[in-house]
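Trainee: First to last, the sequence lines map onto chains A and B.
When you number the first sequence by our numbering, it's gap-free, plus one each residue, and the end is 370.
When you number the second sequence by our numbering, it's gap-free, plus one each residue, and the end is 1340.
Any given hint might turn out to be false.
Claimed, not checked - Heads up, simulated DSSO-like pairs for lysine-lysine below, C-alpha to C-alpha not over 30 Å straight-line:
(1) B:LYS1140 <-> A:LYS83
(2) A:LYS134 <-> B:LYS1187
(3) A:LYS126 <-> B:LYS1187
(4) A:LYS155 <-> B:LYS1187
(5) B:LYS1026 <-> B:LYS1134
Read the hints as simulated data drawn from the structure, not as lab findings.
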Amino acid sequence: MKYIDEFRDQAQAKAIAAAIAREARPEHHYRLMEFCGGHTHAIFRYGVPDLMPDNVEFVHGPGCPVCVLPIGRLDEAMQMVEKHEVILCTYGDMMRVPGGKRRSLMQAKADGADVRMVYSTQDALKIARDHPDKQVVFFAIGFETTTPPTAVAIKHAKQEGLKNFSVFCNHLLTPAALGALLDAETQVAIDGFLGPSHVSTIIGSAAYEPFAQKYNKPIVIAGFEPLDVMQSTLMAIRLLNDGRNIVENEYTRAVTPEGNRKAQALMSEVFELRDTFEWRGLGLIPESALKLRHEFSEFDAEMRFPVQAQPVTDVKGCECPAILRGQKKPQDCKLFGTVCTPENPMGSCMVSSEGACAAHWSYGRFRGAA
Amino acid sequence: MKLNIKSGKVDMSHGSGGRAMMQLIKELFAKHLDNEYLRQGNDGACFPVAAGRMVMASDGHVISPLFFPGGDIGSLAVHGTVNDVAMSGAKPLYLSASFILEEGYPLADLERIVMSMAEAAKSAGVSVITGDTKVVEQGKGDGVFITTTGVGTVPAGVNISGERAQVGDAILISGSIGDHGVAILSKRENLEFETTIESDSAALHGLAANMIQAVPDIHCLRDPTRGGLATTLNELAQQSAVGVQLNESAIPVKPQVAAACELLGLDPLYIANEGKLIAICSQADAENLLSAMRDHPLGKEAAIIGTVVEDTHHLVQMETRFGGQRVVDFLAGEQLPRIC
């Protein structure tokens, strides 16, 4: 497959692996946090750790939108569909996440709730057009990557005068999470970052420069293909060896320093910052999430369907929060692979294909067993 | 008055046991599926049995959409069950077909399905010798559900079973994976995309017979339908209490299938097939078996894709094209597209 196979080439991988082995200094242990679940997924799906020397370690970051969504928000979506009897449209990953009382949207659907899996915001709009007698709520989650399409859907709904479409907005901002991670009291020992890939196509690589400077950590914007991950790792090692704490961009085929201005304009036209928002694992982070602007409030599901979920604590023993902060690895969790499996997930990190636990379990659990 | 197939619809009377049902059976089902046993007109079909061992397999078909590139529920209902019988090394002989129809379903579409079923049965050399029809109210079905059961005879000396994989055995696949699932996905509502991929739906007993002739001691045969290659190999690993080591570079995947999966965030290893089989045999027999497969039109792209290994965890693992190693797990729930 052209434009894909080139980035999964074994000969290239071996060449980069040799360069990493050559340049990684034996006296140094390199701890690199791959920010996104997409990276984690690539690392395990393609077996990247097998090509790394022992002193290069990947630490999984919080960049999995399903994983960082607090359970309370899922419960609120559940209330919308069950109490207010709306049609709830959601991306597939969200369907199996256990909510409060360990009930998922898939179970709610089996109990009669009208939950529909969609592939895009346009599918949700179509459902609203096709069911003028029903209220349709789009469960919007994700970082900056999925935010512009939600903005487009809201603008379309306004132009068309759709009265039965609204958005339950849970869009999050990546740089805020990066700052929170680095500011945390129990800071994780991370030498550098493999920075977001798809998110950076929107916000641009320059968005990370303040963090590299303030916290003295190199950040390499890294694509999601396995060769991207390897090349970025090599770049990060070189920056660390040279003591240069700057942002470099490996993913130049898609990311520019300034990002996608049009998408940014669209986002700021429709959304504004929330004062604060709770992230699972990272807690309350100021100015880290978006809500609909006043001009679009008629499409805000939170205004249309008042819901109030009880705060929910994680299942006892679930280490998702520490894993999301990079402080623990999935195998460190007592529930991992025993009571918590993809078939019976205790926490969202085991559900989402971008979750660290799911990636470990599905692709790499022989590493723990060995 | 004759059944109005052109513009008529299934109604509740077609399942009531009265004249309307008799007419539907006579003018639609029996007309196309005709054979001497069906013609007996009894509730059950009486047929002679061969000496030796027989295999019986049953398969319910609930596919959406009912018509897809490369087939429809009618042909699929024949192939699915014929293949289940053939995977025991048996020669399929007879099928039963039980239809659950939804009130309001167009008779013209039903006829297309039954004709396609008759065609598939004819080319597979099997007869549908008994059947049943029920009608459910509108909204309580999905157009047409078909359950078929098949029987076949196993040649003497053939002993093919999922628990016979042995450490050191070779693992073969008869061709490219994921074609059926991608063809179906391309026609699903909300997901329609342009593709030239057709379902691989096909009856595999001819291929299986040639393989058995070349290598009578095939250890396992299985068609990787739902859950795809990954799930079927996990089943076999558990059943035989062994591990599996795959080589990703050797697994045939059509570029269009790989591209569609890439776009949707799916893994071809987990996508359904309806015309492929996995074979496990001793390493010594592997090349022989491979050439027998490649000599058959349904096995032209056959490949040796892995080895049976010792593993107390019964994992399926794979050396990736990239050069690393990963687990190929059972599928948890449905394969879901990624968000980011």
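Trainee: Next step is simple, just say for each hint if it's right about the structure.
Mentor: For each hint, the structure was consulted:
Note on B:LYS1140 and A:LYS83: the hinted pairing holds, with a Cα-Cα distance of about 25 Å set against a maximum of 30 Å. Among the hinted pairs, A:LYS134 with B:LYS1187 is consistent with the structure: their alpha-carbon atoms are about 26 Å apart, no more than 30 Å. Our distance criterion of 30 Å between C-alpha atoms is met by A:LYS126 and B:LYS1187, whose separation comes to about 17 Å. For a cut-off of 30 Å, the pair hint linking A:LYS155 to B:LYS1187 stands: about 29 Å separates their Cα positions.
About 15 Å separates the Cα atoms of B:LYS1026 and B:LYS1134, which keeps this hinted pair within 30 Å; it holds.
Hint check: no violations occur; every hint is consistent with the structure.
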